[in-house]
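Peer 1: Guided by the hints, dock chains B, C, D and E onto chain A, whose structure is given.
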Amino acid sequence: MAEFPSVPLTIEGFFVLHQVFAFDWRAWRSTPLAERTRILSEAIPLLEEIENDGSNPAAIRSAVYSVLGHKGDLMMIHFRDSVQSLNEIELKLAQTEFYDFLQAKFSYLSVVELGLYESSIKSYTALAEQGLEQHTPAWNEAIGQVLKRQREAMSQRLYPSVPPAKYLCFYPMDRKREEKANWYVLPMAERQRLMHDHGMIGRRYGDRVRQVISGSIGLDDWEWGVDLFADDPLVFKQLIYEMRFDEVSALYASFGSFYVGVRQPVEALETWLDGNLTEMSTA
Amino acid sequence: MAEFPSVPLTIEGFFVLHQVFAFDWRAWRSTPLAERTRILSEAIPLLEEIENDGSNPAAIRSAVYSVLGHKGDLMMIHFRDSVQSLNEIELKLAQTEFYDFLQAKFSYLSVVELGLYESSIKSYTALAEQGLEQHTPAWNEAIGQVLKRQREAMSQRLYPSVPPAKYLCFYPMDRKREEKANWYVLPMAERQRLMHDHGMIGRRYGDRVRQVISGSIGLDDWEWGVDLFADDPLVFKQLIYEMRFDEVSALYASFGSFYVGVRQPVEALETWLDGNLTEMSTA
Amino acid sequence: MAEFPSVPLTIEGFFVLHQVFAFDWRAWRSTPLAERTRILSEAIPLLEEIENDGSNPAAIRSAVYSVLGHKGDLMMIHFRDSVQSLNEIELKLAQTEFYDFLQAKFSYLSVVELGLYESSIKSYTALAEQGLEQHTPAWNEAIGQVLKRQREAMSQRLYPSVPPAKYLCFYPMDRKREEKANWYVLPMAERQRLMHDHGMIGRRYGDRVRQVISGSIGLDDWEWGVDLFADDPLVFKQLIYEMRFDEVSALYASFGSFYVGVRQPVEALETWLDGNLTEMSTA
Amino acid sequence: MAEFPSVPLTIEGFFVLHQVFAFDWRAWRSTPLAERTRILSEAIPLLEEIENDGSNPAAIRSAVYSVLGHKGDLMMIHFRDSVQSLNEIELKLAQTEFYDFLQAKFSYLSVVELGLYESSIKSYTALAEQGLEQHTPAWNEAIGQVLKRQREAMSQRLYPSVPPAKYLCFYPMDRKREEKANWYVLPMAERQRLMHDHGMIGRRYGDRVRQVISGSIGLDDWEWGVDLFADDPLVFKQLIYEMRFDEVSALYASFGSFYVGVRQPVEALETWLDGNLTEMSTA
Amino acid sequence: MAEFPSVPLTIEGFFVLHQVFAFDWRAWRSTPLAERTRILSEAIPLLEEIENDGSNPAAIRSAVYSVLGHKGDLMMIHFRDSVQSLNEIELKLAQTEFYDFLQAKFSYLSVVELGLYESSIKSYTALAEQGLEQHTPAWNEAIGQVLKRQREAMSQRLYPSVPPAKYLCFYPMDRKREEKANWYVLPMAERQRLMHDHGMIGRRYGDRVRQVISGSIGLDDWEWGVDLFADDPLVFKQLIYEMRFDEVSALYASFGSFYVGVRQPVEALETWLDGNLTEMSTA
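Line by line, the protein sequences are chains A, B, C, D and E.
Residue numbers for the first sequence, in this note's numbering: 1 to 283.
Residue numbers for the second sequence, in this note's numbering: 1 to 283.
Residue numbers for the third sequence, in this note's numbering: 1 to 283.
Residue numbers for the fourth sequence, in this note's numbering: 1 to 283.
Residue numbers for the fifth sequence, in this note's numbering: 1 to 283.
Isolated chain A, as found in the complex (with noise of 0.2 Å):
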């Protein structure tokens, strides 16, 4: 048995949903002004309900965007504590008569992770050395003790808010298992390396761009998550083009469909129903 485990320390905090609908317009055209309002009136306060999940009233926790091509018309993204309060929202949701004008083309559940790899080869190493045999309680209660710091120290980015940006970017991803390329049989040691060296390029980025890394193995069809929220989309471009070149994600990774959405405010939800796309204040 190697010396200590392959899988890296690992802490999570909100669960996460996105959901990407297909709106049908002809049917809205076709719905009376007088439905119309009465229907947004049932939806909009519902949707200013869950931007916000009661935890802290400042913090966004639910927010809409406006997608562009054919994948969708608009998307939703949910932080919440659990699953069951993510499937609460989709079958609040499912409630209204706005549902009725959308039709589910995409979702992704997964868990905001942050994946500790110099904490791990620290810890693991220290626990070697103090002749701790993994899996036993004490080495199980020393760990606990490190994930327990990190949490505590990492919590403003395993609950986020929803970043006030005006464009996000959301794509699942993979680490390949192919017979040359494979993720999980490197040592540790070249992971952490490789994840280093691909979170300096995200440092310089990081005055463009906010990322959210979420977990899905087990949840969902992809093994990670990626959100990226900027004022200027050409930034998602940019930085992913430049990792690409990076030999984590040249070399390890493989990636799903990209969606791209302007933010909405929700109490602007009639005046993206009338064609307009409204700005929000990111102060």
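Since the hints were made in silico from the structure, they are not lab data.
There could be a bad hint or two in this list.
Repeated chains share a single entry, so a pair holds when one copy, or any two copies, can fit it.
Each computed BS3-like pair below joins lysine-lysine, with the alpha-carbon atoms no more than 30 Å apart [unchecked claim]: (1) Lys148 x Lys166; (2) Lys122 x Lys148; (3) Lys180 x Lys122; (4) Lys176 x Lys122; (5) Lys148 x Lys180; (6) Lys92 x Lys166; (7) Lys148 x Lys92; (8) Lys105 x Lys176; (9) Lys122 x Lys92; (10) Lys105 x Lys92; (11) Lys166 x Lys105.
From a predicted model like this one, the values you see are computed outputs, not experimental measurements.
Peer 2: Chains B, C, D and E only, in chain A's frame:
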């Protein structure tokens, strides 16, 4: 010819059918209340009836889950003693008016399976040492005895009740047959070692997750189905993430779609239809 | 040029069409009873008529299966002496009102085929020893004689009735043409050996499963179709699982979707529509 | 730079459009007879009109096939001298009421093509020996002359009529660009040899099958389309099976879906709609 | 760390949206003439309005094509200075009654891009020789100057009008990241050489085809989109066929679907709806 068979001794129990349905919320909402009541007064007794297959009054053989995301709204799992019984459940459900609101999105047919790698090596070796040639009547008789004993010993696992856990994660999977990573050409001793190590990880999670493996070669499009039952869905991610670094998964596993659901009591179907999740007592 | 052809001698019999349909339960349920009766009084005689193709009153040439899962509700298999006859069956079914309730989900066109690997080697070798160059009139004449004799000897297998077994498993498959595992560049003697070993496994299951292989290169999207007929569907899994470890499958097979159905007598179609399976006498 | 181009000299003739439609039998059956008659009295003359493109009264430029299986019900093939003309046929068909019953399932855009591997080697070599550098005006002029001569000599094959055969088999295909098997990096002499051997097989089937190759790089999703016309559909299987062992197919071919149809005279469309196939005289 | 970045200097211009729609001919034909006239009197002015984005009265920023085959009936291409503007076009179109007849089948979001391989090598080398470390303020400043100069010099290509050519061919593509053929691990000098040779082929076709490359990493599912505009669609095939033998395509390119359309003037939309193509003057 090899000294003994490549195929491990395998014992089977219940046949299993997973059904995933989208629910037509729009049609339901536009159905008059009296009609809905009538529809449910037909559907719920049927669901209650199929919860139990008559073989054991305490056993739950069918259960319902509220599904996360666009892959579906309701998932059912059925354990039965024959494929015919599973098909009869499908046909009975299809007779109800409630079925008008369901659209079949996915299903999976399999049979609860235990692969007996350790028994296989022991038995095949013993019989070879006794000079019995494989597939001769004496060899078949001896193997038949082993299988019979194992089936009796493992009866609880072969003929399970639906565990009372709050969450279900289902996914199908294959063992790879690639040019270098080909599970089906590995010597049995190597496969036994890999499965043993794999099982060790599962064992550490044994108190937090209940696993049911079912085989589907010749029954459906992947080779196995995996059901994980847990009260905390984070465990799905942690267990499968850790396993992904394990040699057998890292090199030989290939995965289908993941379905995650929240268990709902069938008698509370109306509550679910009203947009609320019911907490099941898991006493 | 190789001493003799790479393509094995192959004899063909009936053309085969598989049709898989979803059934529109909602529309059926909302059809008045009198109308349903009228619809069935048209459909059942047609199905009874096509059960037999007139060539042999005792032979069943078309049969109906109740399909497991979301892939479909009804599967039909038709054996006919020409592609035109199969297309005529499709057109006749499409004329009935019953066809309004069927949605075509899948189909497969193929022709019953026996690959004569042992005959090929024997004949090609003999003709080469006689100094006959391949594809010359004399060589063609000699090969033609071999094929004619084989077609007569194998007539029962080339022109089958639908076996009376309770369950059917159908799947299409390819032989791989990958960089290392390429069936089509193997020497014929190697392919003959692999097919021989493969056949040995099948032979052990001969009393529990009846197999019909049909070729579909140039007719449909995979190279072969496989029909397995058995009274116990567990045998499908056991046979194919065991075969998967066999060299020819482990290295060279690639599989499509698996369809499993329960045979239903066409005259009991109404029973099936009422949600009940009929047990066929398999006398 | 290579001594001469890698791309073979290629001459093109008619543009080709394949259209595959599902037919809405239910809607047709529920259309009153008088209306059906009116609809056909518009559709059949249009189909008769487009059978011939005016360039040669004896030539059939468009034809209709009754398709096997769920991939469609009707397939049309159109040979025309421009992409615009093909689009105009689509638009004219779409104007008819008959088009209400057709659902487009597949199509393929290509151009009849002859790859002149032997000419290429001969011409490129000769011009290199004359010291002409490729793509210079003199070289271009000389190559232009070769192409012109070939186009005239091959005019019958570049601008075909639809052969009168009873059955059509259509499929698209690619040449592989894999790591080891990469058609596009082979030396031209090697490709010439492979194509020559391939052609030898086709030649042996020349009296039983008529083949039209069309190129579709830059026009549709595969690189080539293949149409085989034969009176016996078994020949499709035998020819393509034999070719699959041929080096160029075994190593370098990758195939799309196969569409098989039975030729129907457009004036007998009503007969087909009544569920009957018409035997065309192939005089 | 490498002496200089792996990512080439890249300049971007207009964002681009391709939209492909199926047209509901049946619904259109069943719409009374007066209503159709009204619908077009709303749609055509909108299409005329979006043809030009206001920045330059002579420039065509959006155009309409009649699409070949089942992939769609109408394709639109839009060049705009922001993703928001592209989304606004989508929303404006969705407001029209004409949109009731359109079904979104495909779309593509990208940004006009020029990869400056030669500039990159020159600049990165010069700055390294000056001893400037990459990503320092001085290095960033110097690179910023290079990009600014190139953007000004290339302004015509970055902010194009829709070329007046009769035909459009659009397809998305990737550079491969396979085990041996991995574009993203090639040294920049090698990539520069490959792109240079590739460009040489394009140059020979420069008088017959106009090419617009747009980048879509982080914006859509492939890495680049390619638009070819030509008066003769045979040129699409000839150019791409010749390029496929070029090293960079033969080894590193992977392609999506190809969309071919015939340019139609938006003011002649009614003509198209009546089944006729309009020849645009390409003066």
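Peer 1: Each hint should be assessed against the structure and marked as holding or not.
Peer 2: These are the hints, each one checked on the structure:
Taking the shortest alpha-carbon separations for lysine 148 and lysine 166, only the inter-copy value of 25 Å comes in at or below 30 Å, while the best intra-copy value is 34 Å. For a Cα distance limit of 30 Å, the shortest separation of lysine 122 from lysine 148 inside one copy, 16 Å, qualifies, whereas the shortest one across copies, 45 Å, does not. Taking CA atoms no more than 30 Å apart as the test, lysine 180 paired with lysine 122 passes inside one copy only; the shortest distance there is 28 Å, against 34 Å between copies. Taking the closest pair of Cα atoms, lysine 176 and lysine 122 come within 30 Å of each other only inside a single copy of the chain (26 Å); across copies the shortest separation is 35 Å, beyond that limit.
Taking CA atoms no more than 30 Å apart as the test, lysine 148 paired with lysine 180 passes in neither setting, with 36 Å inside one copy and 41 Å between copies. Taking the shortest Cα distances, lysine 92 and lysine 166 sit within 30 Å of each other both inside one copy (26 Å) and across copies (20 Å). In this assembly of identical chains, lysine 148 and lysine 92 lie within 30 Å of each other by CA distance neither inside one copy nor across copies; the values are 34 Å within and 51 Å between. Taking the shortest Cα distances, lysine 105 and lysine 176 sit within 30 Å of each other both inside one copy (26 Å) and across copies (28 Å).
Proximity of lysine 122 to lysine 92 under the C-alpha cut-off of 30 Å is found in neither arrangement, the shortest distances being 45 Å within a copy and 56 Å between copies. When the C-alpha separation of lysine 105 and lysine 92 is checked against a cutoff of 30 Å, the pair qualifies both within a copy, at 18 Å, and between copies, at 22 Å. Taking the shortest Cα distances, lysine 166 and lysine 105 sit within 30 Å of each other both inside one copy (23 Å) and across copies (27 Å).
Checked against the numbered hints given earlier, the structure breaks hints 5, 7 and 9 and satisfies all the rest.
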